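**Student:** Residue-level listing of the chains:
There are 2 protein chains.
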Amino acid sequence: MIKNSEPTIHDIARELQISASTVSRALNDNPRISLKTKEKIKAVANALGYRPNTLASNLRNKKSNTIGIVVPLINRHFFSSVISGAEDVAFKAGYNVVISQSNDLADKEINIVQSMFSNRVDGLIISIAMQTMTFDHLKIFRKKNIPLVFFDRAVPEIETDKIVVDDFAGGFRVTQHLIDQGYKRIAHLAGTQNLMTYFDRKNGYVDALRKNNIPFDESLVIINSLTSEEGVIAVQNLMNLKNPPDAIFCGNDTTALSAMIYLRDKGIRIPQDIGIVGFSNEPFSKVVSPSISTIAQPGFQMGQKAAELIIKQIETKERTFQTIVLPTELIVRESSSRRSFQ
Amino acid sequence: MIKNSEPTIHDIARELQISASTVSRALNDNPRISLKTKEKIKAVANALGYRPNTLASNLRNKKSNTIGIVVPLINRHFFSSVISGAEDVAFKAGYNVVISQSNDLADKEINIVQSMFSNRVDGLIISIAMQTMTFDHLKIFRKKNIPLVFFDRAVPEIETDKIVVDDFAGGFRVTQHLIDQGYKRIAHLAGTQNLMTYFDRKNGYVDALRKNNIPFDESLVIINSLTSEEGVIAVQNLMNLKNPPDAIFCGNDTTALSAMIYLRDKGIRIPQDIGIVGFSNEPFSKVVSPSISTIAQPGFQMGQKAAELIIKQIETKERTFQTIVLPTELIVRESSSRRSFQ
DNA sequence: AATAAAAATGCAATCGATTGCGCATTTGCA
DNA sequence: TGCAAATGCGCAATCGATTGCATTTTTATT
Numbered sequence: 031m032i033k034n035s036e037p038t039i040h041d042i043a044r045e046l047q048i049s050a051s052t053v054s055r056a057l058n059d060n061p062r063i064s065l066k067t068k069e070k071i072k073a074v075a076n077a078l079g080y081r082p083n084t085l086a087s088n089l090r091n092k093k094s095n096t097i098g099i100v101v102p103l104i105n106r107h108f109f110s111s112v113i114s115g116a117e118d119v120a121f122k123a124g125y126n127v128v129i130s131q132s133n134d135l136a137d138k139e140i141n142i143v144q145s146m147f148s149n150r151v152d153g154l155i156i157s158i159a160m161q162t163m164t165f166d167h168l169k170i171f172r173k174k175n176i177p178l179v180f181f182d183r184a185v186p187e188i189e190t191d192k193i194v195v196d197d198f199a200g201g202f203r204v205t206q207h208l209i210d211q212g213y214k215r216i217a218h219l220a221g222t223q224n225l226m227t228y229f230d231r232k233n234g235y236v237d238a239l240r241k242n243n244i245p246f247d248e249s250l251v252i253i254n255s256l257t258s259e260e261g262v263i264a265v266q267n268l269m270n271l272k273n274p275p276d277a278i279f280c281g282n283d284t285t286a287l288s289a290m291i292y293l294r295d296k297g298i299r300i301p302q303d304i305g306i307v308g309f310s311n312e313p314f315s316k317v318v319s320p321s322i323s324t325i326a327q328p329g330f331q332m333g334q335k336a337a338e339l340i341i342k343q344i345e346t347k348e349r350t351f352q353t354i355v356l357p358t359e360l361i362v363r364e365s366s367s368r369r370s371f372q
Numbered sequence: 031m032i033k034n035s036e037p038t039i040h041d042i043a044r045e046l047q048i049s050a051s052t053v054s055r056a057l058n059d060n061p062r063i064s065l066k067t068k069e070k071i072k073a074v075a076n077a078l079g080y081r082p083n084t085l086a087s088n089l090r091n092k093k094s095n096t097i098g099i100v101v102p103l104i105n106r107h108f109f110s111s112v113i114s115g116a117e118d119v120a121f122k123a124g125y126n127v128v129i130s131q132s133n134d135l136a137d138k139e140i141n142i143v144q145s146m147f148s149n150r151v152d153g154l155i156i157s158i159a160m161q162t163m164t165f166d167h168l169k170i171f172r173k174k175n176i177p178l179v180f181f182d183r184a185v186p187e188i189e190t191d192k193i194v195v196d197d198f199a200g201g202f203r204v205t206q207h208l209i210d211q212g213y214k215r216i217a218h219l220a221g222t223q224n225l226m227t228y229f230d231r232k233n234g235y236v237d238a239l240r241k242n243n244i245p246f247d248e249s250l251v252i253i254n255s256l257t258s259e260e261g262v263i264a265v266q267n268l269m270n271l272k273n274p275p276d277a278i279f280c281g282n283d284t285t286a287l288s289a290m291i292y293l294r295d296k297g298i299r300i301p302q303d304i305g306i307v308g309f310s311n312e313p314f315s316k317v318v319s320p321s322i323s324t325i326a327q328p329g330f331q332m333g334q335k336a337a338e339l340i341i342k343q344i345e346t347k348e349r350t351f352q353t354i355v356l357p358t359e360l361i362v363r364e365s366s367s368r369r370s371f372q
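Each protein sequence line maps, in turn, to chains Y and C. Heads up: the first sequence begins at 31 in the numbering used here, then just goes up one per residue. Heads up: the second sequence begins at 31 in the numbering used here, then just goes up one per residue.
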């Protein structure tokens, strides 16, 4: 009779007329088993093509060796970089990585997070969805003391490890840079303000204006969800003002690009007539023409750090949470370099 | 005494003085349990904050509800698109997705695949690493009849579902297009030939030349691993030929871009002096200047299809494998549109 | 009311690996 | 040689959910 199922430690045990306990210990290099027995066991395991059933082991150990990662959209450079960095560190430490995308929908995020809990992930790394307004599904992790790490989009009211970039400084620096370039009327295309990232970027913008004694003009700030299409609409509205801006600090590179293309088609020169700065340093921003000034966010590094923190939480009982603020770097490119054109 | 562990069906059973079997059946809506009991059980489950332990369920059912995906690099647009598409379909069908990247290294790929097997993934979706030359680690899946689906980079000698783009047609079309644009001496920057994708692209190139009675010139084909740096080196070599090319069909957009930048810096005009075409339609290729002609590969759709196929394999015993060849679409942009400049 | 038939629930084994405790065998030393 | 101390290994319970079969309870029928 052919066994079509996988060999188990019991099969090895039967083969050698010993107990499954011994096999288990031998395969785990337990010092209680003699070298000779270990070798015999390993030889048989090899011959049978034995592969431990991680499911069984996980159940018994109450540990899945799995880290969950939830992002708004896998298919976006920044997020896939974070995932890549996290996978890198996690794999080396012996963890698997399960990934889901919320599509920026609160419902799906809740669904995913609960599913990951049911799967008993050892920890969860998450950047919350734009739409998410309640956080009970995440607070549960804290309550049950399951490791949780936020990156990029964190929840202020939940105390845990967080890795964010210095969005405030980023917003400030962008604005200061535009001012330094001689732009006088700087608009800001902001993302939804429930997310700290966009909130902070806007505050940096506001602060830079104040520090430079430039009056804040409400009409120059447009808030939307920063898609390519909304970027165009926002710019249309801005340009239709009686007193249109001469620079736009866009909340991300996507809107910066769509705005730029729209303006170019209207015959408006960049950076001469209008300065543009984006945010995130998407790969395209370096190679478009004019190249887009932007803020670099170290995604890969962020993912690595997130994985390190979650693994530390998993493997130690210690719970001294930290918020790591990665520095933002302003990358000045053509889209805002007016001085060199004057 | 406070139970700090998660509630189980046994806790629910004890609470109601019934058996765990009944609880299990009730929670799974088994018709053998009366509606009244079901409601009581569900109420208690809710009150206790019960969440089924998927690990236990998986072990008993010998099914992990998990699909493994292995790609060379998560952090690359095409692959992250595939992952995104696959996650989309998988999640809706109740599957989790674990992801790992091989970094194009054979050793890591083998390691990953074995780990996924130990984790008893229900199926594996993979695009093999550039470096991988032996396939025993994948043949095992077929031998054990575990669902396996290749995408993009498939292994010819393993019979299973495959989703590829029509690389041959892509290579042919690119070359024909360049010929139609009046380019006479067309070089090809090819990827490692052990991968069918690059092999087919090159064959398409060769075939188009023959069909147009253009002699094939060995010295115009350069094979490397298509990184940005290697693109530059390749172009340098090509331009140093006694008889340099007037067009380059690059194996991917990355090399197309780096080649273009190199040529531009040398004062060579594109597409007037040299025509360039890439492959894959990376997001940047549309927005750079000049924009890069390329072949679109529907990554997201490919991922969806891959997930559908693997789920079909998982959920039916049927094993009639198919190879789905997604059509390639030539996107003509500025980098090869010489006619309009003459 | 008695009995058959149907409906509802429980028992206990199972999935595969792990581990505390205990038993048996070997080794060491006086 | 005798006895304590190592050393090596096995028993059986455990992790939490599932399920074939058995048992109990309820309903229907005469």
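Think of the hints as simulated: they come from the structure by calculation, not from any bench. Mixed in with the good hints, there may be bad ones.
[What the hints assert, rightly or not] List time: in silico DSS-like cross-link candidates among lysine-lysine, alpha-carbon distance up to 25 Å:
| # | chain 1 | residue 1 | chain 2 | residue 2 |
| --- | --- | --- | --- | --- |
| 1 | C | K169 | Y | K72 |
| 2 | C | K72 | Y | K169 |
| 3 | C | K66 | C | K92 |
Keep in mind it's a predicted model, so treat the numbers as computed, not measured.
**Student:** Run every hint past the structure and note whether it holds.
**Tutor:** The hints, checked one at a time:
For a cut-off of 25 Å, the pair hint linking K169 (chain C) to K72 (chain Y) stands: about 23 Å separates their Cα positions. For the given pair, K72 (chain C) sits about 23 Å from K169 (chain Y) by alpha-carbon distance, which is consistent with the 25 Å threshold. Restraint check for K66 (chain C) and K92 (chain C): not satisfied, since their Cα atoms lie roughly 31 Å apart, outside the 25 Å limit.
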